[in-house]
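Whenever a hint applies, use it, and build me the whole structure from the sequences.
Protein chains: 2
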Amino acid sequence: MESVDRKPSAETEALVREVLERVADKWTLLVIEELGGEAGPRDVRFTRLLERVGGISQKMLTKTLRQLERDGLVTRKVFPVVPPRVEYRLTPLGESLGAAVCGVWEWVERHKDEVRRHRGTYDAARS
Amino acid sequence: MESVDRKPSAETEALVREVLERVADKWTLLVIEELGGEAGPRDVRFTRLLERVGGISQKMLTKTLRQLERDGLVTRKVFPVVPPRVEYRLTPLGESLGAAVCGVWEWVERHKDEVRRHRGTYDAARS
DNA sequence: TTCCATACTCACCAGATGGAGAGTGTGGAT
DNA sequence: ATCCACACTCTCCATCTGGTGAGTATGGAA
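Keeping their order, the protein sequence lines are chains A and B. Residues in the first sequence are numbered consecutively from 1, following the working numbering. Residues in the second sequence are numbered consecutively from 1, following the working numbering.
Any given hint could be a false lead.
A pair counts as met if it fits within one copy or between any two copies, since identical chains are not told apart.
[Claimed, not checked] Straight-line C-alpha distance at most 25 Å; calculated BS3-like pairs for lysine-lysine:
| no. | residue 1 | residue 2 |
| --- | --- | --- |
| 1 | 112 | 63 |
| 2 | 59 | 77 |
| 3 | 26 | 59 |
In case anyone wonders, no lab produced these hints; they're calculated from the structure.
Structure (C-alpha cells):
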C-alpha cells in the first residue's frame, strides 16, 4: 500500500494518546485558555483562576494545575508570605500548546451554531 | 484592539464548552483522525474502524459515531445487504474539524518527548 | 439444518471522576 | 484571644464511564 502506514510505533502512539488525553479532559483546555488569553494577565493566582474558570472546584483546579506543572506547561511560583500567594503562568511550551489549541477553540466558536442545528435535526428525526 | 472581553455570553460559553467536551473525549479525536487521515480511505466500515482505532470497544465506537453523526460531523451510509454493511465518512464540517484538530495532534507529536522529560524530572524531584 | 458474517444493542458491573464541605497552617489585624 | 485570608488537602459519596460478554437479525454457504 502506498504511503505505507501512519503508525509510527506502538510506543509513540501510546505517548501521543497519553498526552492527548491529558489535554483533552474536562478542565485543562479551559485553564490553559484562561492562562493564555492574549489580552489576559500572565501571572494568575489560584483564587482568580477559580473565579474565571466558572464551575471548577478547588479540587479539580489543583489537580489540573499539578498535571500541567508536571508536564512542564505551567510554572508555579510560591511567595513565602502569609496568607499564601501562588502564581501560575504558562511556560513557552504551554503557550505553544495554547496556540495549537486555539485552532480547535476557534473552530468551535465558528461552527457551534451549525453543530447545534445538526443536533436539532438529528434529535427531531427520531423523537 | 484590546478585544475587551472574550466572554461572549453565558449561553455561547456554555455551547462552546459543550462542543469542546464532545470533541475532547477519549475516543472522538482518534476516530476523526482515522476517518480523516489524508492518505487514509474516505469511506470506512465499522469493523475496520474497530481494528484501526486500537483498544476501542464496540460499545464506545458505536456511541462515538452516533455522537459525531448527531453533530453533523460524519455521515452513516447503510447498505441494505446481508450481512450488514455500513460506511462512515467525514462530512465537510467534520473535515474542517479534523484540520483544526490536526494542529493539536502535531503539537503532541512534536513535543511529546519534552513532555515526557518534564514528567520524569517532576516525578524524580518528589520521590 | 447449522453456521457464519456484520453491525449492532443490552444488561451488568467495577472502577474512575469529580463535587461538597470540612480541616490545616501561619501571621497580622481587631 | 479570636478571626481572617489564601491555597490548599482530605474524606465521603453519588454519578458517570466504559469494558465484557451475550443476544439479535438476515440470507447465503456448506
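Going through the hints against the structure:
no. : hint       : verdict
1   : 112 <-> 63 : between (29 Å within a copy, 21 Å between copies)
2   : 59 <-> 77  : within (19 Å within a copy, 44 Å between copies)
3   : 26 <-> 59  : both (13 Å within a copy, 22 Å between copies)
Of the numbered hints listed earlier, not one is contradicted by the structure.
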